[in-house]
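Novice: So the protein lines, in turn, are chains A and B. Start counting the first sequence at 302; every next residue gets the next number (this note's numbering). Start counting the second sequence at 111; every next residue gets the next number (this note's numbering).
Please note: incorrect hints may appear among the correct ones.
To be verified - Computed Cβ-Cβ distance ranges for the label pairs, DEER-style: (1) B:S363 / A:E516: 47 to 53 angstroms; (2) A:R499 / B:E267: 33 to 39 angstroms; (3) B:D126 / A:I579: 58 to 64 angstroms; (4) B:E249 / A:A429: 34 to 40 angstroms; (5) B:D342 / A:R499: 48 to 54 angstroms.
Stated by the list, open to error - Below are the SDA-like pairs computed for lysine to any residue, each with C-alpha atoms no more than 20 angstroms apart in a straight line: (6) B:K114 / B:I176; (7) A:K518 / B:E221; (8) A:K518 / B:T220; (9) B:K139 / B:S172; (10) B:K129 / B:G155; (11) B:K245 / A:R598.
Stated by the list, open to error - Computed footprint of chain A on chain B; a stretch qualifies when at least three of its residues, placed anywhere within it, have a C-beta under 8 angstroms from a C-beta of chain A: (12) 155-168; (13) 174-188; (14) 209-221.
No lab work stands behind these hints, which were simulated from the structure alone. By construction, the Cβ of each residue, glycine as well, lies at the ideal position given by its N, Cα and C atoms.
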Amino acid sequence: MSAIPAPFMQSLKSALVAPPPVHQPARLKPAMNESQVADEPPLYVRAKAPEWLPRLIAPLIGFGLFLAFWEALSKAGGQLPSPLSTWHSAMDVFSNPFYKKGPNDQGIGWNVLTSLGRVGIGFGAAAAVGIPLGFMIGRFRFLSDMAAPIISILKPVSPLAWLPIGLMVFKAANPAAIYVIFVCSLWPMIVNTAVGVRQIPQDYLNVARVLNLSEWKVFTRILFPAVLPYMITGVRLSVGVAWLVIVAAEMLTGGVGIGFWVWDEWNNLNVQHIIIAIFTVGIVGLALEQFMMLLARRFSYDDGRQS
Amino acid sequence: MNGKYLEIDQVNMVFDTKKGPFCALQGIKLEIRAGEFVSLIGHSGCGKSTLLNIVAGLLRPSAGNILLAEREIRGPGPDRGVVFQNHSLLPWLTCFENVYLAAERVFASTEDSARMRERTAKALDMVHLDHAMHKYPHEISGGMKQRVGIARALSMEPKILLLDEPFGALDALTRAHLQDELMRIVAPGANSAGSTVLMVTHDVDEAVLLSDRVVMMTNGPAATIGEIIEIDLPRPRQRLALASTLRYMALRSALLEFLYHKQMREAA
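For reference, chain B alone in the conformation it holds in the complex (with noise of 0.2 angstroms):
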């Protein structure tokens, strides 16, 4: 693969509103290589969640383009796989079919129903979701719905995952379990190149721990990214041994003097 598997040339967003025209975001300049982890952070309100929309194609820029390998995003698509912040499960189907909707959008016209069960049951398995799978949303637990959602997203074989605050709305150690079930998953496995994603999140730890790169936002109105910071942690990484090291903290440090220091806000 080559240098820039995502890229995302001069983006600027415009919103109409009511008081006039309000600018979101301004010359984002992005580019993303294959089997990178890349989270961007910010503050609430710095127009994150609205880049990745731009990306998923719920969102059209009014100016700038978006090549995902090489082919312009000019709407939603399923070759990108996207993880919403609340889960957003279908609450009449079952974990399984939520899945297996997503697996037979992708897959329909090449495979028979028998292959494409087998690929859902594989998504549900791979997040240890396998024994709830006939399970409906509101039996389970809000991580696991988040992980159906991870399962939903993985089944596609999407070119890039999209996680917009996957773990947001879970407890502290509910979510600690999943960030590390996600490296897994997201890793250079014997027959995979590890997948490309691009996170949002506003929790530096997370940032640090998952990502390659860490890309900073500055607050908006007129949002763009400040810095980007190299996370040359090697990997596979261990929450607890990691959080001891001094690399580790310089990295953290420095987000947090981005965030705090720099980017500091009102008190909103």
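Here chain A stands alone, though its shape is the one from the complex (with noise of 0.2 angstroms):
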């Protein structure tokens, strides 16, 4: 009990006395309720902290867990470095992110941007054809019983199988490395566009019928905003796959990149590098996740299907 120290029990407790957080879809402001109190006096006053208080209070208690726990475990011994070391280590890191030293020794910031720039050109290239071919999919009942098992029994393969095939093809790391990326990023892509396609509901292909509108005009005006929301979704999924699968070729194609920058600092044995790596492709899988949920609002046309 004594080796663990008074701040862990401290925010232990408060973790405890907290109030539950209030569940609520995060678009509601509670301001609202606030400003409607200040217009009428209520008729009674119950104290109360804000509402936005426990929801504030909760990540940083879950944060202050977290290096509590982590804290402990540097402590009970073995080469864990502590948050603070780390911490320390990674301003050093981050205060020139971008130098270059030769090919194999570069700034964390190089790494990700080319991280980012093979994501970005795999993720392309299978957007460019997975979403033409998620259409033909789902327009087209033969085309989707003719892909319907291959997708199947490809789908659920682990992307980096398809390594070995990209070397042998490519010859080389860094085309290899995108092409993994192509591949675990089409799988999304074609299922979720092909999806869209069928949930398209038939009252809008009975407008299109009607009217009798020419293919580009049903393609335009509703085929393709129909089926938006849903190529958005895969391709939010196909990012997200895309950003998981980057770290683990890397770390086998090598070069530049987070994933070979991970292996790399392993073979030096600097685990604080390793764990600034963690956290940097945490927060730029949550940047990129958090990017695609604003694209994703902001093309839903909500309660529009209904009533």
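Using the hints, put the two standalone chains together into the complex.
Specialist: The structure is reproduced here in structure tokens:
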């Protein structure tokens, strides 16, 4: 018990005392209630902390517990560096993210950008192939029946299993890594687009039919806008998978990239840098996900389908 | 115009189902004059919407054929303006764009976009929606959506309007209001002969108020036309004034008699 530091006990206590987080959709502004209260004097006021407070405190407590656990683990022995030493190391790494000292020693900024570049190219190629393919598979039953068994078999295969074939075909590490990203991004894009096409309400297609619209008009005015939300979901899943896979692929192929950086630092036994890389990968992944969510919200026509 | 503008001749409709062929419609024969308002009424499932969809070209009849202005109907086309029960507006287009899509389909080859925009605005104006034309469907009420649906059909200047329970999903007050509007829109005007309309409904009052003739369909399977009642009430019709007249009540009870006595359905 004495090994557990005081801050840990404190944050544990406050976690137990803190009110449970309020579950409500994030879009609902908690401030709305208060402004209504301010307009009319309420009959009675119950002493109550503002609603956003637990929502702000809960993640802080989460981080606190996480750091305390980490600290405890590093104190318990082994080679795990403490959070503080990792922080200092991170300050050092991020103080000069864009240096270049030869092909295998570059700043973390270059490594992240190189990985993002690979993801971008592989993913872009997958979108260029997968989205039209998804449209066709969704629109024509015959194509769907043709492609379904192949997709079903290939989809569960780990993308890394494709790497040897990539190396064999391209005879170079970089295109092989991009090709792995391409393969793993392809399936979600095809499947979601096809599902989207199949989910188009019959009403909309009936409109197209009674107006006898040209194929081009049907595509631009009905199919494409109706499928767009599904497509963005596919894109979002693909980017997520691609970002997961790139780290592993780069570990195998080497060169410049965040995955290779992790492997390189492992060879240097620089565990702090490995932890920094883990957080960097996580934060970049989160940013990608949030960006896609923003995009999805921009193109969703909520509740328009109903009533 | 001659006596038969829309001619439905011995139409059968058989669907292939898992349990074998299902005969939905049997020997439908109906002629509609130009400018006439005809309602199809019957219990749900009697195939009245199926018949409308055949006229719209969305379904192909198993037998028989349909002539509109002496041309055979072989598929869907913009010469028939369809209004669906659930409005079927495209949610990513504004009301204006929804209507414009239809106007453009018909007139793009002969008119410039300014003229087609004018048509679109005119159609929306006709249903009193000019103030909301740049709103999206989810921003307006159910009644307004249905108005846009009607405007979309009108903007194509179709030979016939096909209405599939157009007001079925609306509340009673909105429905009454839209029925009055529809009467005004399809009535013969100073420069038009009046629209030809085929409407599916299950509302007896709606059928009597709006129609020149009401076609009553028997229950399926193999539904067919049971009786046809001529609604000889003078136009323009006033909902309130009519409701207390003897003739209106007689027509109304004739319809009810058919639906609830002759074609009574076991509780479905």
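Novice: Please verify whether K245 (chain B) and R598 (chain A) have alpha carbons no more than 20 angstroms apart.
Specialist: holds, 19 angstroms
Novice: With a cut-off of 20 angstroms on the C-alpha distance, tell me whether K139 (chain B) and S172 (chain B) pass.
Specialist: Answer holds: K139 (chain B) to S172 (chain B) is near 14 angstroms, not above 20 angstroms.
Novice: Please test the hint of 58 to 64 angstroms on the beta carbon pair from D126 (chain B) and I579 (chain A).
Specialist: For D126 (chain B) and I579 (chain A) the Cβ distance comes to about 59 angstroms; the hint holds.
Novice: Can you take a look at whether the stretch 209-221 of chain B is actually covered by chain A? Rule is 3+ residues, C-beta closer than 8 angstroms.
Specialist: Per the Cβ count (3), the hint holds.
Novice: Given the hint of 47 to 53 angstroms, is the C-beta distance from S363 (chain B) to E516 (chain A) inside that range or not?
Specialist: holds, 51 angstroms
Novice: Could you see if the CB distance from R499 (chain A) to E267 (chain B) stays within 33 to 39 angstroms?
Specialist: holds, 35 angstroms
Novice: Does the beta carbon distance between D342 (chain B) and R499 (chain A) stay inside 48 to 54 angstroms, or does it fall outside?
Specialist: holds, 50 angstroms
Novice: Are three or more residues of the stretch 174-188 of chain B within 8 angstroms, CB to CB, of chain A?
Specialist: holds (count 4)
Novice: Taken at face value, is the distance from the CA of I176 (chain B) to the CA of K114 (chain B) at most 20 angstroms?
Specialist: With Cα atoms ~11 angstroms apart, K114 (chain B) and I176 (chain B) stay inside 20 angstroms; holds.
Novice: Report holds or violated for chain A covering the stretch 155-168 of chain B, Cβ cut-off 8 angstroms, minimum 3 residues.
Specialist: holds (count 3)
Novice: With the threshold set at 20 angstroms, check whether the alpha-carbon distance from K518 (chain A) to E221 (chain B) stays at or below it.
Specialist: holds, 18 angstroms
Novice: Hint check: K518 (chain A) vs T220 (chain B), CA-CA at most 20 angstroms. Holds or violated?
Specialist: Judged against 20 angstroms, a Cα distance of about 18 angstroms means the pair holds.
Of the numbered hints stated above, none is contradicted by the structure.
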